[in-house]
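Colleague: Construct the complete structure from the given sequences, taking the supplied hints into account.
First to last, the protein sequences are chains A and B.
Letter by letter, the first sequence follows residues 237 to 767 in this note's numbering.
Letter by letter, the second sequence follows residues 4 to 314 in this note's numbering.
Watch out, some of these pointers could steer you wrong.
[To be verified] Have a look at the derived ranges for each label pair, beta carbon to beta carbon:
(1) B:Asn51 <-> A:Leu291: 42 to 52 Å
(2) A:Val543 <-> B:Ala288: 28 to 38 Å
(3) B:Ile78 <-> A:Tyr514: 16 to 26 Å
[Claimed, not checked] Heads up, simulated DSBU-like pairs for lysine-lysine below, C-alpha to C-alpha not over 30 Å straight-line:
(4) B:Lys106 <-> B:Lys274
(5) B:Lys106 <-> B:Lys133
(6) B:Lys133 <-> B:Lys111
(7) A:Lys568 <-> B:Lys62
(8) B:Lys53 <-> A:Lys568
(9) A:Lys247 <-> A:Lys642
Hints are computed from structural coordinates only; laboratory data are not their basis.
We put the CB at the ideal spot given by N, CA and C, even for glycine.
The chain contents come next:
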Amino acid sequence: MSYLDEGHTIKSWLTSTDHKRIAILYAISISVFFFVGGAAATLIRLELATPAGDLVSHDTYNRLFTAHGVIMVWLFLIPSIPSVFGNFLLPLMIGAKDLAFPRLNLLSWYLYVAGGVLVLCALAAGGVDTGWTFYTPYSTMFSNGYVVLTLFGVFVTGFSSILTGLNFIVTVHHLRMPGMGWFRLPLFIWAIYATSLILVLATPVLAMTTLLLVAERLWHIGVFDPALGGDPILFQHLFWFYSHPAVYIMVLPAMGVASEIIPCFARQRIFGYRFMAYAILGIASIGFLVWGHHMFVSGQSMAASMVFSLLSFLVAIPSAIKVFNWTATLYKGSLRFEAPMLYALGFVGLFMIGGLTGLFLASLALDVHLTDTYFVVSHFHYIMVGGTVMAYFGALHFWWPKVTGKLVPDLWARIAAVLIFLGFNFTFFPQYLLGVAGMPRRYHQYPPQFQVLHLLSSAGAVVLAIGYLLPLFYLAWSLRYGQRASANPWDARGLEWETSSPPPTHNFTHPPQLPERVYDYDPTSPRAVAQ
Amino acid sequence: MNSTLAEASSIARSTDLLFGAMLLLCGVMAIGICFVLLFFCIRYRAGNRKVDRGVVGRKLGVELTWTLVPLALFIVIFTWAAHDFSELYRPPADALPISVEAKQWMWKLQHRNGKREINELHVPLGQPVKLVMSSQDAIHSFFVPAFRIKQDVVPGRYTTLWFTATQLGEFPLFCSEYCGSSHSQMIGRIVVLAPADFGRWLQAGTSQPSLAQYGYARFRQLGCSGCHAAGSTVHAPALEGLLGRTVHLQDGRTLVADENYIRDSILLPQKDVVAGFAPVMPSFAGQVSEEDIQGLVAWIRSTGGPQGAPR
Numbered sequence: 237m238s239y240l241d242e243g244h245t246i247k248s249w250l251t252s253t254d255h256k257r258i259a260i261l262y263a264i265s266i267s268v269f270f271f272v273g274g275a276a277a278t279l280i281r282l283e284l285a286t287p288a289g290d291l292v293s294h295d296t297y298n299r300l301f302t303a304h305g306v307i308m309v310w311l312f313l314i315p316s317i318p319s320v321f322g323n324f325l326l327p328l329m330i331g332a333k334d335l336a337f338p339r340l341n342l343l344s345w346y347l348y349v350a351g352g353v354l355v356l357c358a359l360a361a362g363g364v365d366t367g368w369t370f371y372t373p374y375s376t377m378f379s380n381g382y383v384v385l386t387l388f389g390v391f392v393t394g395f396s397s398i399l400t401g402l403n404f405i406v407t408v409h410h411l412r413m414p415g416m417g418w419f420r421l422p423l424f425i426w427a428i429y430a431t432s433l434i435l436v437l438a439t440p441v442l443a444m445t446t447l448l449l450v451a452e453r454l455w456h457i458g459v460f461d462p463a464l465g466g467d468p469i470l471f472q473h474l475f476w477f478y479s480h481p482a483v484y485i486m487v488l489p490a491m492g493v494a495s496e497i498i499p500c501f502a503r504q505r506i507f508g509y510r511f512m513a514y515a516i517l518g519i520a521s522i523g524f525l526v527w528g529h530h531m532f533v534s535g536q537s538m539a540a541s542m543v544f545s546l547l548s549f550l551v552a553i554p555s556a557i558k559v560f561n562w563t564a565t566l567y568k569g570s571l572r573f574e575a576p577m578l579y580a581l582g583f584v585g586l587f588m589i590g591g592l593t594g595l596f597l598a599s600l601a602l603d604v605h606l607t608d609t610y611f612v613v614s615h616f617h618y619i620m621v622g623g624t625v626m627a628y629f630g631a632l633h634f635w636w637p638k639v640t641g642k643l644v645p646d647l648w649a650r651i652a653a654v655l656i657f658l659g660f661n662f663t664f665f666p667q668y669l670l671g672v673a674g675m676p677r678r679y680h681q682y683p684p685q686f687q688v689l690h691l692l693s694s695a696g697a698v699v700l701a702i703g704y705l706l707p708l709f710y711l712a713w714s715l716r717y718g719q720r721a722s723a724n725p726w727d728a729r730g731l732e733w734e735t736s737s738p739p740p741t742h743n744f745t746h747p748p749q750l751p752e753r754v755y756d757y758d759p760t761s762p763r764a765v766a767q
Numbered sequence: 004m005n006s007t008l009a010e011a012s013s014i015a016r017s018t019d020l021l022f023g024a025m026l027l028l029c030g031v032m033a034i035g036i037c038f039v040l041l042f043f044c045i046r047y048r049a050g051n052r053k054v055d056r057g058v059v060g061r062k063l064g065v066e067l068t069w070t071l072v073p074l075a076l077f078i079v080i081f082t083w084a085a086h087d088f089s090e091l092y093r094p095p096a097d098a099l100p101i102s103v104e105a106k107q108w109m110w111k112l113q114h115r116n117g118k119r120e121i122n123e124l125h126v127p128l129g130q131p132v133k134l135v136m137s138s139q140d141a142i143h144s145f146f147v148p149a150f151r152i153k154q155d156v157v158p159g160r161y162t163t164l165w166f167t168a169t170q171l172g173e174f175p176l177f178c179s180e181y182c183g184s185s186h187s188q189m190i191g192r193i194v195v196l197a198p199a200d201f202g203r204w205l206q207a208g209t210s211q212p213s214l215a216q217y218g219y220a221r222f223r224q225l226g227c228s229g230c231h232a233a234g235s236t237v238h239a240p241a242l243e244g245l246l247g248r249t250v251h252l253q254d255g256r257t258l259v260a261d262e263n264y265i266r267d268s269i270l271l272p273q274k275d276v277v278a279g280f281a282p283v284m285p286s287f288a289g290q291v292s293e294e295d296i297q298g299l300v301a302w303i304r305s306t307g308g309p310q311g312a313p314r
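Modeller: What follows is the structure, encoded as structure tokens:
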């Protein structure tokens, strides 16, 4: 009996401590937030189609981009891959029956939803106009929105992150099947593990920062207010100490997904497994030391800017290694291009462009011109959307048969993958050019000379939106009419494919066989086409 | 992109050179990787029967190469960019000081002779200009794309920015740090005039006292002169020629007196007490306006001294 048949009542889902069911709960709630955040993005792009600011008022516009940022960062990107696929796959991939703390896991989901609902309440009540960065003193003294309520939502969601991270770390340490050493872990597990470390170490700083901000706003305690001896730049240090590592919370799991999909569809061992694992740890640890690169023009000392710049270049090295290794994994392989592979290759390309443009921003003198322009907007969308969202969709298509027991209609899935890739570039590449030309970000109206590029970007967003909506239909269709999936439709290695699709409640009916080595693919004996 | 992206300041050329080099380097890398990726995708596609396949083992040499070569390249770029950056914050001693006050949602500028402008800044061609900037409310950011310069303007402290305009004409000025409702309307323009025209423009229609005169008047009205003037009975440091001078503090530290030091000494006098003086000065927080502080700084600047202190 599969985990899906364990009970069909709402209550059987809402009280389940099965990591697989909780993963589904996350997937559903995260999808809701993705489409709410996406709707805000669509309105933003429509507004920017003309320079005049004639679709919505400036206050509405400011609330829209804040809502878009807050929802996408905290309610979609951060929980997306870890909470959905980490939850579903971590125990399966290490041969465990569940996570170390199943009830804590359910609590994490409730906290996530509670935080999300608080944020939505703040939006419904009138929204907040600070931007997702909540810079003081604007957020503490001038903003006329629901700052406290929004921050409270973010605060609660943060605890969900911390508990999930804690749960994953303990699980990886204690529940690996006998004989599974650290260097026999799939790279997805390495990525989830490193992500969990960041979640546990960085999120408390976010919690503290939001509390300080709320206290400052309500009681003027003077931590950030210069009139009371506080320092507005201090807020930026605290904020980015969390929010820069947060980028790696988003992108490390995405790298893990690519490292599972690419070897499988290339029928080739991942190139340089150990370098890949070390690179994950390197990114996670150096990622803690680069927050000041968001503040090169803030007035921080020149010495600080130089150190942060140098460290930012260093963190690019392990990222470059990963791109090289994924590419090298294709060499002498036997490649097939079903939808998951298209997403994974798209991820590599977009992540590479996002990463390389990050080097422009790490270069001090260039950052002065480019920061706070659309160049930055484009750069982080390439990393966070081009990277994380592509990988999330890749994971969705790769593990869909395992999660639901149904195959995805591949032609539709490929069409969507191509549309998303093209739509994405069409939307965000013009924004690099806008940034170089000096277009500042967060502008509700803009000088007319920027219109052509904005219009291109808005047109691209339409293509992108269609690409994102398509899976909603064909995935729903596959649930009802899709072909039944075998235990291992992609002929993949990895313990999650050793059990039935969908897996039974306790994951394995008999203990899985520990493979000789991870990614034991052989390109000379290509797999049968997916059934 | 017309005047937004002209190369209109002395550092624009070097910034663009660095940008070009980065574009070349990153472009070659991106196109190279994309080419290899596509080449492998086509060559090793499952349908291709005429190709050599096999498990690829470890290639330590390859891995070390593509770790160390980018590392070396990155260090070169870092050094180059850091060098250019340090130039951006080292104003020449003779730079023309102009005070900038940012507020929701306008730029207020004041020249040395007291002439004021809003959302428009006239500067002479070919002469270094140093902006001493503070904000009345939120954080703003002074951004002139054509000059390739940007600096946040932060409440409670001065930040500075300097440039030498190298092209006549008008160039957009943006606020690039989000500051609330009308952030996108907090824009203005920089008008670069020939030095003679600038001189005429500066003299036209001003009857206000210069900023330094205003500062000196406030210096007397606020009672500062009671202690700081020469021959006063209270023992307080002399302020003439202070800007840019090295100051020894009571607790053994030394610092270079810049605009922020003067500002802090007025508002937080116990913070950096000069060696050999008793910490008797009261705080003037709440009694002086932003403009007063700007005026006092301007007056101290007018008394000479090394000036042009590094940030």
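Colleague: All hints are to be evaluated individually against the structure, with a verdict given for each.
Modeller: Results for each hint:
{"no.": "1", "hint": "B:Asn51 <-> A:Leu291: 42 to 52 Å", "verdict": "holds (51 Å)"}
{"no.": "2", "hint": "A:Val543 <-> B:Ala288: 28 to 38 Å", "verdict": "holds (33 Å)"}
{"no.": "3", "hint": "B:Ile78 <-> A:Tyr514: 16 to 26 Å", "verdict": "holds (20 Å)"}
{"no.": "4", "hint": "B:Lys106 <-> B:Lys274", "verdict": "holds (27 Å)"}
{"no.": "5", "hint": "B:Lys106 <-> B:Lys133", "verdict": "holds (19 Å)"}
{"no.": "6", "hint": "B:Lys133 <-> B:Lys111", "verdict": "holds (15 Å)"}
{"no.": "7", "hint": "A:Lys568 <-> B:Lys62", "verdict": "holds (14 Å)"}
{"no.": "8", "hint": "B:Lys53 <-> A:Lys568", "verdict": "holds (12 Å)"}
{"no.": "9", "hint": "A:Lys247 <-> A:Lys642", "verdict": "holds (24 Å)"}
Checked against the numbered hints listed earlier, the structure breaks none of them; every hint is satisfied.
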